[in-house]
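Student: Residue-level listing of the chains:
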Amino acid sequence: MSTKESAGRKINWSAVMVEGRALIALALIVIVFSILTPQFLQPETLLLMTRHVAMNAIIAIGMLIVILNGGIDLSVGSIVGLSGIIAGWLLQGWNIPFTEMVAYPQVWAVILISVAVGAFVGWINGVIIARWRVAAFVATLGMLYMARGVALLISNGETFTDIKGSPETNNQGFVDVAFAAPLGIPMAVWVMIVVAIAASILLNRTKFGRWLYATGGNERAAILSGVPLKKVQTRIYVISGFCAALVGVLLVADLKAAVPTAGEFYELNAIAAVVIGGAALAGGRGTVRGTIIGAFVIGFLVDGLVLVGVSVFWQVVIKGAVIVLAVAIDQAQQRLQKRSGVRKTQASLTAPSAPTSGDA
Amino acid sequence: MIKRFGRTAAVVAMGSAMALGLVACSSDSSTEESTDAATAEEAAAEGAAAEEAASGEAGGSVAVITVDPSNPYWKAEVDTAVAELGALGYESTVNAHGNDPDKQNQFIDAAIAAGAKAIILDPAGADESVGAVQKATDAGIPVFQVNAEISEQGIAKAQIVSNNAQGAALGAEAWVECMGDNLDYVELFGNPTDNNAGIRSTSYHEVIDPLGFNMLQQETANWDRQEGKQKMELMIQAQPDLKGVIAGNDEMALGAIEALREAGKLQGTCVLGFDGNDDAVAAVAAGEMVATVLQPIVNGTKTAVAQLNEYLTTGTAPAQEKQSIDCILITPENAGKVQGFTLSE
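For the protein sequence lines, the chains are A and B, in the order given. Sequential numbering of the first sequence, starting at 1, is according to the working numbering. Sequential numbering of the second sequence, starting at 361, is according to the working numbering.
Hint data in this document are derived by calculation from the structure and do not stem from the laboratory. Among these hints, one or two may not hold up.
Computed spacing ranges between beta-carbons, pair by pair [unchecked claim]:
| # | chain 1 | residue 1 | chain 2 | residue 2 | range |
| --- | --- | --- | --- | --- | --- |
| 1 | A | Met146 | B | Gly572 | 29 to 39 Å |
| 2 | B | Leu571 | A | Gln331 | 48 to 58 Å |
| 3 | A | Ala332 | B | Glu537 | 22 to 32 Å |
| 4 | B | Gly572 | A | Gln42 | 21 to 31 Å |
C-beta atoms are modelled at their ideal positions from N, C-alpha and C, and glycine is treated no differently.
Excised from the complex, chain A in its bound form:
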């Protein structure tokens, strides 16, 4: 997860500050809640909350990759619902059309197909945005409705509860796989760790990662320097859809039922985690580490308020206030950095003649 700074390079203090802010918020939340309720720091409770956090963090990492490009993906919540419904539907047995046969895919195939569907929906998003030049906000807003609608069509509005499979059809064990806890750590947390490491490598060690930061920082300049923008844009939505679909499958195992309305408003929690983690919605700035901390801030806050027993309405107000506060501080820091940056540039230029452009 961590990016090793090479020894010779100077520490980028502003980056540390941005990430530090989320860390400070997380530390504050942990301290306050552990004073308010002894339950908060119990290992069992921490594990439980981390499982809740993991779901949001996985989606948020996909969202981060989209936001780095300056895009947004509002359809992730619906993709969660759709891939979950596909999993539940296939586990129930799929009536092959025009025949009397019922197909019972094996568990690994069920998981693969469900996740592939999510990635495919993301790919459609990407094509609409990259090739047809539709604004990401609009394209994914449309997909938010379409994916949810398809999930409702498939399930006919009902909940699939028979996901255990049976020995005759050889499709048992879905819950055992997706809700297992190897080494005492829930599967969702393992998936989060793997996704985080993969995303870290993708962003920091590959050409694709550099393209992504470049297109988010200055799209025009990136294109001129030969970055294949369309390719980058299509791929990021595939990744985002893939991450959301993983969560969809995990949720089905968690609830032992596939609910067509699962994942509603998850996109908002994911965006909040990314933003609290120090990413800029305009693109070009943000880290996987920060995003995960952001997800922990939101998750621990929401769960902590329930543990303490704060009134429901206050829970909503406080959650919103923390998001706004985090972004407000972020913006203030941005301005500060810019100003000091300009000052440094001005200082380095030869004093007398240089007419520096007023505001950077």
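Given the structure of chain A, go ahead and fit chain B onto it with the hints provided.
Tutor: For chain B alone, coordinates are given in the frame of chain A:
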């Protein structure tokens, strides 16, 4: 890197295309909810023709406006209405407002424009829906309400409401019996902006509170199973002493049961649901849920359609506008006889 990604993408796309094929095949299973302009126009033309030809006869188009068919409860309502109307020779258009009064208004306008002969409405809010019902009535379209009421009488032809208060009291009594000497419990509250969440909770507490029970915590889970599970997982940690759960609907109760099962606390905890959906009835039969309360939505909707037909063919409005249908307690004894929100005798 690029090539490799391209290949993976192709594989993913292929797999997904297959899956999408499945999607396309399955989508024809639900064809009832046609709302496109063409059908609306057709229906309008037909409705107008029917009016000219023979007022006083069955037939024509009826607008069914419901809340949210993705919830099994409202789905049963819609399916019943469409089937009953079809059997009597009416056509029906189905729309869902999702408890949004603005959307409800639009659907009422559309029904008026399309010349619907009558409207079956599950209103979005008691106060907010008065204007919409008035508008339809002024346009000469009789409105028959099911499931929920509006705050004024004398506008709609019928308001058929299941008695939530009576049902909640029944459920609470069964739950009290299960609790025995244990007094500590938590509550999962429905969507706080929904009238029924308050009505059910109040009626639960009217039964429970005088008996000295001790509510450790109250959380909302917005009628949702996943949220019910998450909130319950946290409350199990925060309140290790809890011995009972009262939930505002079945979905939240089912989420709570899942959380209790994982924590190994399902045995010895009394969980109460409400609605009588099939999953909950199965849980009652399995002894995981103490009881659920069946809202006779299917019977209520059948009654509404019958009264609508009576009014359109003979001009007789129901003798009483407000009609309350009692809820039925579902316990392990009668759980085997419940399916699709109906209790077979």
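Student: State for each hint whether it applies.
Tutor: Hint check:
no.	hint	in the structure
1	Met146/A - Gly572/B: 29 to 39 Å	violated, 53 Å
2	Leu571/B - Gln331/A: 48 to 58 Å	holds, 55 Å
3	Ala332/A - Glu537/B: 22 to 32 Å	violated, 59 Å
4	Gly572/B - Gln42/A: 21 to 31 Å	holds, 30 Å
Violation of the numbered hints given earlier is confined to hints 1 and 3; the remaining hints are satisfied by the structure.
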